[in-house]
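Colleague: Listed below are the residues making up each chain.
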Amino acid sequence: MNMNGGQALIRSLELEGVEVVFGMPGGAILPVYDPIIDSPIRHILVRHEQGAGHMAEGYAHVTGRPGVCMVTSGPAVTNIVTPLCDAFMDSVPLVAITGQVPFAAIGSDAFQECDTTGITQAVTKHNYLVTEAQEIPRIIREAFHIASTGRPGPVLVDVPKNIVDPNNPDSQMEWYWPESVDLPGYKPTLKGHPKKIREAAELIVASTRPVIYAGGGILNAHAAEALRELAEMCDIPVVTTLKARGAFPDDHPLALGMPGMHGNYTAVTAIQRSDLLLALGSRFDDRVTGKLPAFAPDAKVVHVDIDPAELGKVRQPDVPIVGDARLVIEELVAVLGKLGGAEAQPDRSYWRSQLSGWQEKYPLTYQQSEPGEALKPQFVLERLRDSAPEDCIVVTGVGQHQMWASQYWGFKHPYTWVSSGGLGTMGFAIPAAIGAKVGRPDRMVWAIDGDGCFQMTAQEMVTAASERIPIKVGILNNAYLGMVRQWQEMFYDERYSEVYLSPDLPDYVKWAEAMGCVAFRVEAPEEVEPIVEKANQIDDRPVVVEFRTDSMEKVYPMVPAGHSNDDIVVDPTHGEGGR
Amino acid sequence: MADDIQHHTLSVLVENKAGVLSRVAGLFARRGFNIYSLAVAPTDDDRFSRITIVVDVTSASLEQVTKQLNKLINVVKISELDPRDSVERELMLVTVRSGPDRRGQIVDLVHIFDGRILDVGHDELTITLEGHPEQLDDLEDLLRVYGIVAIQRTGRVALPKLDTSPTPLRSVS
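Residue numbers (this note's numbering), protein chains in the order written: chain A, 1 to 579; chain B, 1 to 173.
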């Protein structure tokens, strides 16, 4: 069957099971937008290409399937560099299709030309410049394979206009669909080495102070069940990194919560005092380790990751295991079973009592506001959490609001938390929440955003309103770039440089209404619950709730940058100003 | 020069596709690894090329370099060539000042090194030498006193040393 390249591209997406594409058309990608009219694939027209990229990420986060975005050449490509880099840092499967000037014009500085594959090489798992229409089905097949297997990541396919334009003979091709992919240099290792797994099991049964340090790889590998089985069998406490929130239920007796710079005291200190750290799909990020030489100084390390380059990159493991987290954990559970399972574990009652002592002494705390004062952000989050269904999906931007949301929400299910971790992309929440809601229309989706973040990508609320994607947005408006303000207060002698945003410029309620949303402003504690209830009931339009929160509130605990995790500073209301 | 303790040779088999060299070079740049020298050429199978990279391992552990390289989709295989277990060669072209009074000395030197004179000018000579990189270093040092006008070296290429132990005789019963 003969087709043109544009038709072949859309047909290939259909065969890959794509149900939605986030994008915006333009000159070079025009011919690919024509066959979309005849395709069952839903297209969501964004207001800025960055939004398309983050929507595809949000979609991928909650569905586990690659998100797809499609944009034109030149400025559209440079606009998706941020989401590509975000997806690369956070191992999110993404396929980006970009238009390119006709092949013969490449290199001539043509209108809206840029070196797309060159620019995106450093922020993609792989990228392609397609040269012939005939290659399109093979390359799309490979792109989805690479994006979604091994350590997932973004793959970009750059498509010159001449091979998709039906008026150009270069676009003619004979349709085929490759049975399989042939990539001689790409064969991810899935099964862990049995000898190493055995060594890991032996370390576990010899450990009196073990901690599981679970990372985003658990969610990518669909290993939440296996993780729980391992933790329960061996009675090992679990910390979940920012990327792994929800991978282990926060209400489980073994759950210690989030470690790291703004992790809770017990999670941070448990790692510091552990004698065995089981790093499962985590990567020893600097926000978790603090000052590296002082990180978990007495711990032996078992490190499981599907990416061999992570093993030994930051911390030399005693037992490195390359493999898929789920397969490795299941194998580990089987080996531990043979070693005697729960009965073979040493007495860890002292460790457990230490942990619960810390939990009791240093819980997350904040001081409720006095009447007439601005809302406490933590209080707002607690009310939001309590009024939302427990499978509600929470999406955040980056900064103080993100840390509070992670600390206070309490996640009970995997894939209910979507956040920008590695790159720390402000403005992530709104578009990612839209993508998440498109991927899981059955779920309530709350975007928790800061006022600074909201202003970066707010225009996508128009996308949500026009496409009837009923996300809910809670803006914690403290009138500042809050996290930077916090650092200036704590580490720059309260010299506030360029962090003030104003509480009422813009007027968030009017702005949201102008974008087709229902909007509320909340200023007093007693208003929080009724307004949130109201927002939760609206299911045909997006809702924006602006909460006026306390500018002075800081995120605690905090490990100052470059310090050892032992220097953790807890909320001053604990009375000791430290541990 | 290429001190063998700080430099390791990687022989990298890559798919022969557009942009592969840029991916390899870009990876070194963004991970902060240093390349000492680099040589690229097709192999006998036209689907693949071989990149021979001499890596400065003072900038990063060789293990990290290899693992990160392996993540490139177009990289098929990486072999680390230990200088003790491999044969290494490099080619040098050098133009050296050689007034009529010194030409004889330079020609002698070139012959001692088994090099060749490629081009002769009024007061310059262009010489080529193929050999072990250290041999090239030596000739380069010796020629420097005459005045090197231009020099071009290819970067080293290498292959593993072959097994020299004789095939064991089959016992005849």
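For the record, the hints were derived by calculation from the structure and aren't laboratory data.
Built from N, CA and C at the ideal position, the CB exists for glycine as well.
Be a bit skeptical, because a hint or two may be false.
Said to hold, decoys possible - In silico DSBU-like links for lysine-lysine, alpha-carbon gap of 35 angstroms or less: (1) A:K338 with A:K300; (2) A:K338 with A:K291; (3) B:K161 with A:K412; (4) A:K291 with B:K161; (5) B:K71 with A:K191; (6) B:K77 with A:K313; (7) A:K191 with B:K17; (8) A:K376 with A:K300.
To be verified - To list a few chain B residues with every Cβ distance to chain A over 12 angstroms, as calculated: (9) S11; (10) A29; (11) N34; (12) V40; (13) Q64; (14) L69; (15) I73; (16) R97; (17) V107; (18) D108; (19) H111; (20) G155.
Colleague: If a hint holds in the structure, say so; if it doesn't, say that too.
Modeller: For each hint, the structure was consulted:
no., hint, in the structure
1, A:K338 with A:K300, "holds (22 angstroms)"
2, A:K338 with A:K291, "violated (38 angstroms)"
3, B:K161 with A:K412, "violated (59 angstroms)"
4, A:K291 with B:K161, "violated (45 angstroms)"
5, B:K71 with A:K191, "holds (18 angstroms)"
6, B:K77 with A:K313, "holds (20 angstroms)"
7, A:K191 with B:K17, "holds (30 angstroms)"
8, A:K376 with A:K300, "violated (40 angstroms)"
9, S11, "holds (14 angstroms)"
10, A29, "violated (9 angstroms)"
11, N34, "holds (17 angstroms)"
12, V40, "holds (16 angstroms)"
13, Q64, "violated (6 angstroms)"
14, L69, "violated (9 angstroms)"
15, I73, "violated (4 angstroms)"
16, R97, "holds (40 angstroms)"
17, V107, "holds (46 angstroms)"
18, D108, "holds (49 angstroms)"
19, H111, "holds (45 angstroms)"
20, G155, "holds (23 angstroms)"
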